[in-house]
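If you read the sequences in order, they're chains A and B.
Numbered according to full-length UniProt numbering, the first sequence spans residues 1 to 342.
Numbered according to full-length UniProt numbering, the second sequence spans residues 1 to 330.
Don't read these hints as lab results, they were simulated from the structure.
Any given hint might turn out to be false.
Taking lysine-lysine pairs in the DSS-like style, the calculated list, with each CA pair at most 25 Å apart, reads [what the hints assert, rightly or not]:
1. B:K208 - B:K142
2. B:K60 - B:K146
3. A:K127 - B:K14
4. A:K127 - B:K18
5. B:K310 - A:K127
6. B:K60 - B:K84
7. B:K208 - B:K264
8. B:K128 - B:K14
9. A:K262 - B:K89
10. B:K133 - B:K89
11. B:K146 - B:K133
12. B:K29 - B:K18
13. B:K147 - B:K128
14. B:K60 - A:K127
15. B:K208 - B:K133
Pulled a few chain A residues facing chain B out of the computed Cβ check, cut under 10 Å [as the list claims (entries may be wrong)]:
16. Q85
17. L86
18. P87
19. I123
20. T226
21. E230
22. T234
23. A242
24. L245
25. A248
26. I251
27. R253
28. N258
29. I261
30. P333
Virtual Cβ for every residue (Gly too), placed ideally from N, Cα, C.
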Amino acid sequence: MLIFTLRRISLFFFTMLLLTILSFSLSFLFPGEQLINLTGQINATPEHLAALAHQYQQQASIVSQYFSYLSHLFQGDMGYSMASQLPITTEIFHRLPATIELTSVALLIAMFFGIPIGFFAAIYHRKVPDNLILAIAMIGYSIPVFWLGMLAILIFSIQLGWLPSAGQISLLFEIEYVTGLQLIDILLSDSEYKWQAFQDATRHLILPVIVVALAPATIFMRLARTAMLEVLDTHYITAAQAKGLTFAQIIYRHAMRNAVIKVIRDVGLQFANLVTIAMITEMIFSWPGIGSWLIESIYQRDYTAIQGGLIVLSTFIFIVHIIIDFVYAALNPLAREPNHGT
Amino acid sequence: MNLIDIRNLSIELKTATKPILAVDHVNLKMREGEVRGLVGESGSGKSLLAQAIIGVLDEKWQVHVDRFHWRGQDLMRLSPEERKAVITKDVAMIFQEPMACLDPTATIGEQLEEAVDVAQLSGFFWQKRQQRKLAAMNLLHKVGIKKHQACVKSFPHQLTDALCQRVMIAMALARRPILLIADEPTAAMESTNQGQIFRLLASLNQLKNMSILLISHDLENVTHWTNTITVMYSGQFVEAGTTEQIFNQPYHPYTRALVDSSPKASSMIPNKSRLMTLPGSIPILQHLPIGCRLGPRCPRAQQKCVHAPKIKSYHDHQVSCHFPLKDSYS
């Protein structure tokens, strides 16, 4: 287990190294002055610029420039947004929690519905439920997310008026910023309208979460179905049958755990996909997350914001990836140990 | 009393065009306390037969049987669920590749405990957990595993093949079976481990009067451990009799060839001479010969062999051949 952890840490280290190199080189590749791209100070005086050049070691070699960029990063200084002239770090810290909330709830929902439905399809392999689920999964996967988002707003918020169409919470409620995760902040707050606020925030969450979760859920369905079919074909299932266990016992005690392990390994990969979908959904639902902010920054040619957002978002994806790896190892005894001779 | 009596068991593989008869009208009869070997080349349908008996074949196989008696009870009169209940109560099976037959994500202890029969436990549910643990430990002792503490906590990949097979036997013993079907239990095992497993099976047979159906492709090895032998070839019944009859005076040309193909220390084989084999190889399922499937390879084949032979019985020595070798022994 120690070696497993060390491997993940070294993987994290090298990925971060590559990411920072990419982000650093972006400041050269973007049009305009490299120093201004890096710091975002478009209105700086010549003296101020000279001081910045000294800070970022512009006179020294490119390697020490990179390291001074790194040390700024570690101090939490990612420059200023070219558009708003606010520090990128504060902007991100105010927006990232909303994205974390949206994506993690969507991931959980996608897994919670996708995986059991996939198992169900596998158990009824080549029967009506299987074909039906496969067809639905195909349709769900093929619907473009921007269209689905618009359609959801059109039907559920405009025509039926069931759910709100935009934002994270109604402006009537004032929630103190503690963790940034809206639902947790509401629970932490001591407002007397706590539960109304919680209800309202949940109602705001439903539509975007469904839109984000639909495509990953259909992928999980298909992954879970294949995994379950593979597991049901193994020798240990035959042996369990011969042992006299009923079909339900076999599914619950042996097949499910092994199939879930196979699916979990791919969840990390799907998460990057899910974040991309979430970025577009944030735009549609005016969700105050980092995704919509990043897309706006691209429109506004806010190069500093693009660099910062890129690093933070990929780090977030990568951390989730590693967490899922640990969940995988916790479930699978084979992954925990160093494998010999394979 | 016959323990198991199967007549004309056929197994068909459902395909897109026409079904393939993988096992063709095979008979199997066993007495209580008997160790019967089921011998045949790989692909002769012996594993299929075993899986059909225990009822773990999946939907792509279709099983037909004329008679299926279990200790005098006609199982064909029961519904599939009742039949499965009777069979799983009294019949257990161990497989080849024991490691693949254990759930890789569950510990040996968990898997052993769930195999323990509920009927053997008494008391309230909080006592049952402890009883299950105890039963699992006893089972491990029965199959000769002394370090039960370490074994119960291990995952299958942490044990050797031979240990896994012992655990499989322990699981099979959990329901106190009357018949144990062992499907090549020692395939891909070293010979010392093979001996251990066979000795364990033999002692279980002697101490608990448990019948064993030992499936193997190795006729010579099987003769050490069995009372009677059934030989199969390409899904057809070939010959059945006591081990001495089969090994010393085989009536079927195929059995004769099997016996002759294994070199013995006593026999005088000249240097660099060819060992006795049948020409050709076992036919594939898509191109099975009609009649006796040995026909194209058989040294005694004649025109009659395009029709499947009737089974002839000489003092409990059954052979399925038009031209048995009976007369060649004086």
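- Query: Would the pair K127 (chain A) and K14 (chain B) pass a check requiring their Cα atoms to be no farther apart than 25 Å?
  - Reply: Holds - the C-alpha atoms of K14 (chain B) and K127 (chain A) are around 17 Å apart, at most 25 Å.
- Message: With the threshold set at 25 Å, check whether the alpha-carbon distance from K60 (chain B) to K127 (chain A) stays at or below it.
- Response: holds, 14 Å
- Message: Given T226 (chain A) as an interface hint, is its Cβ closer than 10 Å to any Cβ of chain B?
- Response: Given a least distance of 17 Å, the restraint on T226 (chain A) is violated.
- Query: Per the CB criterion, is A242 (chain A) less than 10 Å away from chain B?
  - Reply: holds, 4 Å
- Query: Within a Cα-Cα threshold of 25 Å, do K208 (chain B) and K142 (chain B) meet the stated pairing?
  - Reply: holds, 11 Å
- Given the hinted pair K60 (chain B) and K84 (chain B), is their alpha-carbon gap at most 25 Å? Satisfied, since the Cα-Cα distance of roughly 18 Å is no more than 25 Å.
- Message: For K29 (chain B) and K18 (chain B), compute the direct alpha-carbon distance and say whether it is at most 25 Å.
- Response: violated, 30 Å
- Message: Take the shortest C-beta to C-beta distance between I251 (chain A) and chain B; is it under 10 Å?
- Response: violated, 12 Å
- Under the criterion that the straight-line Cα-Cα distance not exceed 25 Å, is the pair K60 (chain B), K146 (chain B) satisfied? violated, 42 Å
- Hint check: is the beta carbon of T234 (chain A) less than 10 Å from a beta carbon of chain B? holds, 7 Å
- Message: With the threshold set at 25 Å, check whether the alpha-carbon distance from K310 (chain B) to K127 (chain A) stays at or below it.
- Response: violated, 42 Å
- Query: Is the interface hint for A248 (chain A) satisfied, with its Cβ closer than 10 Å to some Cβ of chain B?
  - Reply: violated, 13 Å
The structure fails hints 2, 5, 7, 8, 9, 12, 16, 17, 18, 19, 20, 21, 25 and 26 (numbered hints given earlier, in ascending order).
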